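A.B. asks: Going down the list, the sequences are from chains A and B.
Throughout the first sequence, residue numbering follows this note's numbering, covering 2 to 314 in sequence.
Throughout the second sequence, residue numbering follows this note's numbering, covering 102 to 388 in sequence.
In silico SDA-like cross-links for lysine to any residue, where the CA-CA straight-line distance does not exceed 20 Å: (1) Lys123/B - Arg117/A; (2) Lys118/B - Gln217/A; (3) Lys123/B - Phe118/A; (4) Lys123/B - Ile133/B; (5) Lys118/B - Ala215/A; (6) Lys123/B - Trp120/A; (7) Lys123/B - Phe109/A; (8) Lys118/B - Gln219/A; (9) Lys123/B - Ser216/A; (10) Lys123/B - Leu124/A; (11) Lys118/B - Ser129/B; (12) Lys174/B - Glu152/B; (13) Lys123/B - Met220/A; (14) Lys123/B - Arg121/A; (15) Lys174/B - Met156/B; (16) Lys123/B - Gly122/A; (17) Lys123/B - His115/A; (18) Lys118/B - Val130/B; (19) Lys123/B - Pro119/A; (20) Lys123/B - Gln217/A; (21) Lys118/B - Leu211/A; (22) Lys123/B - Val112/A; (23) Lys118/B - Ser216/A; (24) Lys174/B - Arg331/B; (25) Lys118/B - Gln116/A; (26) Lys118/B - Phe118/A; (27) Lys118/B - Gly214/A; (28) Lys118/B - Arg117/A; (29) Lys123/B - Trp218/A; (30) Lys123/B - Gln116/A; (31) Lys174/B - Ser146/B; (32) Lys118/B - Met220/A; (33) Lys118/B - Trp218/A.
Just so you know, the hints here were simulated from the structure itself, not pulled from any lab data.
Note that the structure is predicted; figures quoted are calculated from it, not measured.
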Amino acid sequence: MAIEAQSVGGEISETKPTVVGGRAYARRGRYMRFVVPALIVILAVIVFPWFFTIWMSVHDWQITQTQTFTGLDNYLSLLSDQRFLESIVHTLYFTVLAVILPVIFGVFSAVIFHQRFPWRGVLRAVFIMPMMATPVAVALVWTMMFHPQLGVLNYLLTSIGLPEQLWVYDQATVIPSLVMVEVWHWTPLVMLIVLGGLAALPTEPYESALIDGASQWQMFWHITLPLVMPFIMVAIIIRTIDALKAFDTIFVITQGGPGTASETINIYLYLQAFSFYNIGHASAVVVVFFVLIVILSLLLLYVRQRTLWAVSR
Amino acid sequence: MSAKQAVYTPPIGLRLKALAGKIAFWFSVFVIVSPAILIFLWMLSLAFKTEVENMAFPPVFIPSAPTFANFIKVFEASPFALYTLNSVIVSVSSTAIALLVGVPAGYGIAKARASGLAVLILISRMTPGLSYLIPLFILFRFLGLTGTLWPIIITHLVITLPIVVWIMIGYYEDLHPELEEAALCDGANLWQGFWYVALPLSRPGIVVASILAFIFSWNNFIFGVVLAGRETRTLPVAVYNVLTFEQVSWGPLAAAALIVTLPVLILTVFVQREIVSGLAAGGVKGG
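Using the sequences plus the hints, can you model the full thing?
C.D. replies: Listed below in structure tokens is the structure:
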């Protein structure tokens, strides 16, 4: 059963064993013709920008002037750019919170929605609505809720006897406040992924645990959690990537402020590219940002492989 | 509940315990579902209240006299009908193009087991949307496409195409190959095998892929905010602009937000089963 959990957790192909004869193997190559139109589009809108970005990052390029080759100058200037270095810290702070909290709440909600109860379908539809809602629209409503004088959040706090907060208007609380929006937005995605894992669980371990007199909590901790761990890891990887790239809500609610207190790499990148038109500099940021994302993703994938191995043992 | 407790606990205690468990369970359901619904109810409340009630403290929760004035103001202050049309054109075209090239691609990748291409799709999902924008922005200026909807439609392919390909790969891998094999043995060529056999069978997968591609294209903000001019704004960009040119005028702002997100929310409720199956498969999301 451990192996079953592993193959369900796997993402890309190669899981279904099929007998491939010589003739069928030759035909596999011929199926590539179906991919050609998509490949052209992918080359144009996805691969071309990657390489063009690398090319721009080694040039001094303002949008109106001609460009000169400058080697690694753009990268070296990033190292001494205080604002950029701080944006990395903001991004990591935001990401850690915006991964851990949705994962905890998401697993909890998945366990709830895994039970059978009346109105489950309707309630699940309501629960996933935040994830599908337009981020800009939702961010506007949160902006109004965060308002220190007129916002409904401070009203709710004071009505239960807690002190008022400045929310996104205070350097100390701006990132946790933005994380709150992110948690509200993306907990449903974690829930869905983990729910998929729970649905694939075998029943035998629970039967024997019941006979041994295990409590609900013990069963969750010693059976359910280890078995759905691969799915939780998938959720963590996806959350990490999305939290690193978070843009819409931060841009709409604070635009990186107050001051630069919530300026993440993505916001910094936007300002450099489309407010200051420092194209070469911004391209170097893109390359560094992309490398950061790939490294973190690979690290998490490695951890995931390790947990798979531990579970299947 | 363990067998041991059943022996030692009197029936009334057991029933109380079951009741307590039930209350705790429904309380948990309430706690996890209520934030989701309350934000939308608050949006609704803000959109239908007068400005006086919106600025009141303590807040007014239920409008005393619901009004459409905020919606009328939104359509008067900016060409919102045009922006709605723009959004529909962009999302429909970018989803259609993605289906046109992405469905065969998903089929080809699944059949040829080209996992290298699948990885390419995965990496494209990891890349921040902004990083495509700088080069494409320069390219569109060079091609003289700025001022039309084309740059926005083309960049939205960055979101819709990976979603479609990713879901279709998964779908065609799970599809049993016997029927096409039979068709091929009867002398059909590969294209006919795809068009007459695999494509009709994969209709549910195509539905899931198009719903998700459409929604994530509709919601996209970042490409529009950079590429759109005054005439070519999509709805999320238009709503954001309401924020910047109005002072603190909450009613129209909430009304605009509601106009943008309501179609998606309604779609979500009606097709939640498809959305759940598509997202659970790989957690696709664009941007």
